[in-house]
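Enquirer: Can you make the complete structure from the sequences, with help from the hints?
Respectively, the protein sequence lines represent chains A and B. Each residue of the first sequence is one higher than the one before, counting from 1 in the UniProt record's numbering. Each residue of the second sequence is one higher than the one before, counting from 1 in the UniProt record's numbering.
Take the hints with a grain of salt, since some may be wrong.
Anything over 10 Å on all C-beta distances counts as not near chain A; from chain B, calculated [as the list claims (entries may be wrong)]:
1) Ala51
2) Ser65
3) Lys106
4) Ile126
5) Ala171
6) Leu204
7) Asp239
Among chain A residues calculated to face chain B with C-beta under 7 Å, some are [stated by the list, open to error]:
8) Thr30
9) Phe39
10) Met242
Keep in mind that the hints were calculated from the coordinates and are not lab data. Since we're looking at a predicted model, the values are computed, not measured. Every residue, glycine too, gets a C-beta built ideally from N, C-alpha and C.
Letter by letter, the chains look like this.
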Amino acid sequence: MTPNGDLNKESSIRHLIDEKKQKRNMSNYTERMIPGLLFLFAAISILTTIGIVYTLLTETISFFKAVPFTEFFTGTVLKPLSQNPEFGVLPLINGTIISSVIAMLVAGPIGIMTAVYLSEYATDKVRRVLKPILEVLAGIPTIVYGFFAFTFVTPVLEKIIPTLEATNILSPGIVMGVMIIPMIASLSEDAMTSVPNAMREGALALGATKLETTFRVVIPAALSGIIASFVLGISRAIGETMIVTIASGSSKNFTFDVTQSMQTMTAYIVEVSGGEAPAGSTIYYSLYAVAMTLFVFTLIMNLLARYISRKFREEY
Amino acid sequence: MKYINQEQVQSKMNRRLVKNNIFKTLFALATMFGIVVLAILIIRVLTQGLAWIDMDFITGKLSTSADRAGIMGAILGTLWLMIVVIPVTLILGVATAIYLELYAPKGKFQAIIQTNIANLAGVPSIVYGLLGLTVFVRAMDLGNVVLAGGLTLSLLVLPIVIVASQEAIRAVPQHLSEASFGMGATKWQTVKNIVLPASLPGILTGSILALSRAIGETAPLTVIGIPALLIPFPGGIFDTFTIMPMQIYYWTIDSSLVSEYANLAAATIVVLLVMLFILNSIAVIIRNKFQQRY
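Expert: In structure tokens form, the structure reads like this:
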């Protein structure tokens with residue numbers, strides 16, 4: 001071995017050490033940078049919320065400078081495009097509530113019965129087949145449901161109710177219900193399956209039938225989860241847009257007759273923003289006032305659902 | 001002395017068992033209801049739309065004449081939209097999930113972000129549309145272009161990606177990262193080399209599902225303002241565009257004027273559903289094939 005070689009070896013080791021040090025410094029540097037960087041990205045979600053609230057709030061305030069608060073919330077006439085525009089939000093709230101009620105009348109019973117079947121009666125094999133199919137139902141874009149409501153459900157309903165208008169609130173309400181079934185079914189099923197088997201077995205051992213076990217033991221024990229799923233379903237129905245926009249038209253009727261066309265808050269936003277309302281006009285600001293109302297409605301529902309499922313959860 | 005009247009019990013028992021069976025059938029029927037509606041919907045769309053799908057329809061330009069109308073522009077619009085949505089949601093979503101699961105100090109702040117994300121997931125999509133209109137289209141003055149629509153949709157599906165990524169990261173067992181720390185790896189090295197690869201299938205599955213949600217979303221884009229005009233094919237993220245759901249929307253509401261438009265809408269729905277089906281299949285395959293159980 002030549003001294004030269006030793007020297008080389010030594011320098012290369014020294015080099016390696018230096019390299020290692022440098023690397024460590026680099027990685028220390030990244031190590032310190034990363035949390036800050038990740039924090040910035042995580043802050044985007046907070047920024048989104050702030051952005052939503054801020055934009056809605058500022059434009060809503062501009063709106064209430066032009067239209068008195070009480071007129072907006074007590075007015076039963078909505079004529080944004082007329083010569084003497086009137087901005088009463090009640091027709092929209094009415095349409096929203098009616099369509100949501102129809103949807104829940106469909107989705108509530110069917111959703112919970114589906115959940116009972118899947119969690120209490122169905123065999124594992126059947127469940128494994130049925131659940132993915134229901135997931136498909138949940139994954140279909142709402143625009144497709146809108147098309148279905150307008151071109152299929154309305155004509156079918158017209159045969160049963162001849163006075164039904166071509167655009168009406170009944171058909172989108174029903175279709176919206178179908179759309180929400182998977183959500184209620186799967187959330188309620190989760191709540192029911194988390195009821196421990198020991199409780200079921202206790203009831204069955206006392207001689208109860210499966211049905212009695214379900215209604216007297218499982219459902220009461222899972223009630224908080226089931227109610228929460230209902231509330232989330234309502235929130236979903238309130239925020240649903242395309243089905244009602246397509247199938248319920250844009251008449252701002254203030255009525256309880258479900259065969260007529262009504263407009264929901266969401267559909268109003270689509271109509272007005274699609275009509276290219278000039279920025280700065282009252283009708284443009286009314287978009288934000290309606291959206292703010294919608295936002296508050298759904299936020300209350302979502303918070304309520306969280307509160308119910310947390311507060312009344314039975315721990316086993 | 002007999003305590004139990006056998007006969008009475010027997011007669012009551014029968015009634016209860018019959019009731020049980022009746023309700024069992026009822027529950028099964030209710031479950032079938034959703035499936036039957038799904039079947040009707042799909043059959044309906046297929047019978048109405050399938051005949052209209054051919055190469056000319058897929059590759060053709062938009063047209064007011066139903067015979068010549070094609071949806072290439074809408075398909076390209078959807079693809080360009082995805083080019084914006086995929087990187088934005090992946091980077092923001094995964095980074096947020098890593099921060100929340102691995103870096104954020106446990107406490108009030110983390111709880112606030114977590115609640116905030118849950119609430120964001122419940123905000124109606126149309127409200128995101130107004131956010132996009134105000135911030136991206138008007139304030140940033142992008143106009144109703146692909147970038148503005150893509151950013152809006154990204155914010156909309158971000159909660160889905162975050163929650164899915166968080167679950168995937170949480171599912172990586174502690175001992176894997178502990179072993180990595182034991183070997184002298186730093187935190188970021190552990191995250192980069194151990195946690196992320198292990199949670200990747202879960203993250204991808206969640207992201208694909210979020211993506212398919214974005215593809216089918218219509219409401220926020222109606223607010224941003226997709227013109228119902230015959231716009232040229234988009235060539236980049238700063239071009240105006242249309243997407244398949246918007247075409248379905250316009251054709252459906254105009255079908256009371258021109259009845260063939262309903263068929264065009266149905267045909268577009270078929271293409272859209274096929275696209276979503278492929279995406280979801282990929283998600284399922286990834287989930288089944290790469291998901292490791294520890």
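Enquirer: Give a verdict on every hint.
Expert: Hints versus structure:
no. : hint   : result
1   : Ala51  : 15 Å, holds
2   : Ser65  : 20 Å, holds
3   : Lys106 : 14 Å, holds
4   : Ile126 : 5 Å, violated
5   : Ala171 : 18 Å, holds
6   : Leu204 : 17 Å, holds
7   : Asp239 : 19 Å, holds
8   : Thr30  : 6 Å, holds
9   : Phe39  : 6 Å, holds
10  : Met242 : 5 Å, holds
When the structure is compared with the earlier hints, a violation turns up for hint 4 alone.
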